[in-house]
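Asker: Starting from the structure of chain A, add chain B with the ligand where the hints point.
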Amino acid sequence: MKTAAKFEIPFVQYLDPKGKPTQDLPKSASKDELLKLYKMMSKVRIFDTKAIALQRTGKLGTYASSLGHEAAHVGIGTAMIEEDAFCPMYREYGAQFVRGVKMSEVLLYWGGDERGSNFSGPKHDFPWCVPIATQYLHAAGSAMAFKYRGEKRAAVTVIGDGGTSEGDFYEALNAAGAWKLPFVGVTVNNKWAISVPLSKQTACETLAQKGIAGGMDVVQVDGNDIIAVREVMEQALKKARNGEGPTFVEMLTYRLHDHTTADDARRYRPDEEVEAEREKEPLIRLRQYINDQGWWDEDQEKALVEELKAEVDAAVEEYQSIEPPGVEDMFDYHYEEITDPLAEQREVAIKEARRNA
Amino acid sequence: MPKVTLIDAVNMAMAHELEHDDSVLVYGEDVGVNGGVFRATAGLQEKFGENRVMDTPLAESMIAGMGVGMAAQGLKPVGEIQFSGFIYPAFDQIISHAARLRNRTRGRLTCPLVIRAPFGGGIHAPEHHSESTEALFAHIPGLRTVIPSSPQRAYGLLLAAIRCPDPVMFFEPNRLYRMVKQEVEDNGEALPLDVCFVLKEGTDVTLISWAPAMHETLQAAKQLEEEGISCEVIDVATISPLDMETILESVEKTGRAVIVHEAARNVGVGAEIAANLAEKGIYDLKAPVERVTGYDVTMPLFKLEKQYLPSVARIKDAVQRTLEE
Ligand SMILES: Cc1ncc(C[n+]2csc(CCOP(=O)(O)OP(=O)(O)O)c2C)c(N)n1
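For the record, the sequence lines run as chains A and B.
All residue numbers for the first sequence refer to this note's numbering, where the first residue is 1 and numbers rise by one.
All residue numbers for the second sequence refer to this note's numbering, where the first residue is 1 and numbers rise by one.
Okay, chain B solo, but in the shape it has when bound:
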């Protein structure tokens, strides 16, 4: 089996679906000849032609809005927004149309649209290239929001997203694009779009994370493990709909929860998980739920970016606090 990076896995999943389903189209700014600014679509236009892999004019609202039209008419469009920070011109189309089409027409029209976008900070990018805004999308009924954090999950979840009859926001943590390699078999097997993944079992504390912050979370877990603290680690991956069952089961066992995300804390997805733990898991908790998040500030330019992102040290501190109780 080939060992591939997260971005290769994304490419593999798109190639697989283009190959096996004529209704799948890949389109966006610079995705054709250039193969995407991160090279996620490299080689796809050569292989599948300009009618299946299309460079579009520079217009995000058009990418989302035409995606709604194509999807409603039976295609499975996979649109790329070059960076998630540039999704806002498309926001109206995504929220007002993609997310609502099925509900408005009582199922007569559906919108099997996938919007992919590189996501998150930590790559020294210019302004507006590093925001973590999953909460904005997770809040909208009718949308699914998915963020893989490993090559295997990127492949399986993107296949699932493309086959999903609902619109899916598929955010790709660009910091992890080339960070690790994993064996990924190009066998067309999708992963479920509504479960969390338990990456590591443990008994003292549950670490819950997703997206790029998964990297620091795993590092913290490893170090804590060496210090004799047993961590269970959960990759949420599908931010919406949220699989609380897996999280509650884990906390029932460990009694402690630390949620780690890169996005700002205020009204972040961590707040939703904490609220659910309070509602349904309060009697299992031995300590208050901790959140380690980005600050409630605009993602700073890169001189301060590192200080914004949740660090291994901050995660370890939070775990220690839950253990003191």
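Just chain A, with the same shape it has in the complex:
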């Protein structure tokens, strides 16, 4: 019997969970860069903690935490250039903060106010996407547009491990491969899709191999190692922008918080597993590395936490000081020009709002 084809899945890691290099670090891992990345990841974490607290006290609606995904998200964001397009799912704040989305806008959105989606990040980036996997096709379409116009831009999209079971996911990979689109698909594999573990989601050994069916380069990366994430993403993006085709990246990580604040993961996830994963989380390892290099110490850490807490508090204050939207806000953006029946309904709603005020 002859073998028709054979595949390999490369795995990339620079720092092990204890912060020890597993190979020579890339040039991008300079002192300045690593400190910048560390600060950004810390910011996401402090924001996340605050957002959960706001939800618990009734000041925010359901919120999707990104606890434990900081390296994956910040790594994606810092590897992108402004002109690239980002098609997130619903918890990639780390990438979005890097791209200029404001913390108060994230809060506004989860606070039940559509104006949060009109964020200050690049206007061509997509808003949060709740229907799983649909965003993958938006990225493929964006990439098609860039290619069509001959622009050196790429589209980046993110999906969870569960999301890789959806049809839209495969259709997007297939299209990106067939058209050789400037597309980088990421799956943030945190081992769970709400209560369904990866073993029930798929029989694949890796999620990365799903990209092979789309005919593209694939790579698996330690998603808790920001050096590895950024390096892999930068290479994939450079390749995409140079017209050398799409890449599919699997990032291995773990979500340390519940799926959302409406979920209680203790019902289905073993505590021992969470505790074991906590040891491997992304902040500990980078902090250990910069500590070992003599670039960071306890005092700096304390000062950073203070500074970030103040920044987050200011964002919360900004969020809370924003007046609730007027009732007309739900009517005014459906058509370029409001239709007659809708205008009539708008008046009814305004009258109702006055009556209830």
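Treat each hint with caution, since some may be false.
With a straight-line cut-off of 25 Å between C-alpha atoms, the simulated PhoX-like cross-links for lysine-lysine are [as the list claims (entries may be wrong)]:
{"id": "1", "chain 1": "A", "residue 1": "K59", "chain 2": "A", "residue 2": "K6"}
{"id": "2", "chain 1": "A", "residue 1": "K200", "chain 2": "B", "residue 2": "K181"}
{"id": "3", "chain 1": "A", "residue 1": "K102", "chain 2": "A", "residue 2": "K50"}
{"id": "4", "chain 1": "A", "residue 1": "K50", "chain 2": "A", "residue 2": "K20"}
{"id": "5", "chain 1": "A", "residue 1": "K123", "chain 2": "B", "residue 2": "K222"}
{"id": "6", "chain 1": "B", "residue 1": "K316", "chain 2": "B", "residue 2": "K286"}
{"id": "7", "chain 1": "B", "residue 1": "K316", "chain 2": "A", "residue 2": "K351"}
{"id": "8", "chain 1": "A", "residue 1": "K351", "chain 2": "B", "residue 2": "K303"}
{"id": "9", "chain 1": "A", "residue 1": "K280", "chain 2": "A", "residue 2": "K31"}
{"id": "10", "chain 1": "A", "residue 1": "K351", "chain 2": "B", "residue 2": "K306"}
{"id": "11", "chain 1": "A", "residue 1": "K39", "chain 2": "A", "residue 2": "K27"}
{"id": "12", "chain 1": "A", "residue 1": "K50", "chain 2": "B", "residue 2": "K303"}
{"id": "13", "chain 1": "A", "residue 1": "K59", "chain 2": "B", "residue 2": "K303"}
{"id": "14", "chain 1": "A", "residue 1": "K102", "chain 2": "B", "residue 2": "K3"}
{"id": "15", "chain 1": "A", "residue 1": "K351", "chain 2": "B", "residue 2": "K222"}
{"id": "16", "chain 1": "A", "residue 1": "K59", "chain 2": "B", "residue 2": "K306"}
{"id": "17", "chain 1": "A", "residue 1": "K191", "chain 2": "A", "residue 2": "K210"}
{"id": "18", "chain 1": "A", "residue 1": "K50", "chain 2": "A", "residue 2": "K210"}
{"id": "19", "chain 1": "B", "residue 1": "K181", "chain 2": "B", "residue 2": "K286"}
From the derived model, a few chain A residues whose C-beta atoms are all more than 12 Å from chain B [said to hold, decoys possible]:
{"id": "20", "residue": "H138"}
{"id": "21", "residue": "G160"}
{"id": "22", "residue": "A175"}
{"id": "23", "residue": "S195"}
{"id": "24", "residue": "K200"}
Note that these hints are calculated values from the structure, not bench results.
Built from N, CA and C at the ideal position, the CB exists for glycine as well.
Answerer: Chain B with the ligand alone, transformed into the frame defined by chain A:
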């Protein structure tokens, strides 16, 4: 008799059918170990095992499409779509296959599939979790569309849906999941899938509603009653096929009709009922038919959700308008 919530009743009906019919399977995202994100399937996997109550990969088209295959091959699959707002990947399978299989094969193959989904707004949920889209399904020949609004009707109608030889879309108003308790006897008695339920008799005006909006409609009826206006209240429950007979009979008596639904007004199910009243009941009407509905806008995020939903005040206003004629 135990007093239970609507969601308990849904659970009871599934447990009853799993117990009594080996061909019934319950499946969907997170329905097993987690018992469903709303807990509708809580305890079922423990009781009936992983082969009867299955967690599926995250893939709605697969839930509907494999349901078609299972149903055509003699099973009675009961699939859950986690929120009705996520049914669109499954839409193609539901419309192109589930709804048509019997007709295409001239009865050779049937599709006794039930798709359950939490439905409607008012629970402060994130985007895409609150849409009321019954009209999309009611429009499709070959499908039945059912929305209970009380524990008793949830139990009886879900039993009927599971036993029905046709595909049934079974939408569960999540706002009402835990709002009221009712005595429900777990006796396996199904309710008919083609009649409206008259919840309250009255003589001045007929209020016609279904799904979560039933709650405000009943409240409005109560307040109007105190103001001396006698309301007949109808829960449509089975949106398709629509039982116009009960509605026409009521309007013959009252001469006035107010239709209340949470879905957007444009081409909503209210329009179908109003058209039927115009065709068959015009000489009984003393006033134009009124509709109190959601606006023709995307279901807003929750800061504005309350303002979108038909309020008691809007329903009462509409009733007053019909009485002025
Ligand atoms: C099309 C669709 N189906 C179902 C849901 C409900 N839902 C929200 S998140 C989720 C699990 C997602 O898991 P995964 O893709 O692994 O991403 P994670 O949130 O774990 O990062 C489900 C089932 C949805 N949002 N969209």
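Asker: All hints, please: hold or fail.
Answerer: To see whether the hints hold, each was checked on the structure:
no. : hint            : in the structure
1   : K59/A x K6/A    : violated (53 Å)
2   : K200/A x K181/B : violated (36 Å)
3   : K102/A x K50/A  : holds (15 Å)
4   : K50/A x K20/A   : violated (31 Å)
5   : K123/A x K222/B : violated (50 Å)
6   : K316/B x K286/B : holds (17 Å)
7   : K316/B x K351/A : holds (15 Å)
8   : K351/A x K303/B : holds (17 Å)
9   : K280/A x K31/A  : holds (22 Å)
10  : K351/A x K306/B : holds (14 Å)
11  : K39/A x K27/A   : holds (19 Å)
12  : K50/A x K303/B  : holds (21 Å)
13  : K59/A x K303/B  : holds (12 Å)
14  : K102/A x K3/B   : violated (48 Å)
15  : K351/A x K222/B : holds (24 Å)
16  : K59/A x K306/B  : holds (17 Å)
17  : K191/A x K210/A : holds (16 Å)
18  : K50/A x K210/A  : violated (36 Å)
19  : K181/B x K286/B : violated (37 Å)
20  : H138            : holds (14 Å)
21  : G160            : violated (8 Å)
22  : A175            : holds (16 Å)
23  : S195            : violated (4 Å)
24  : K200            : violated (6 Å)
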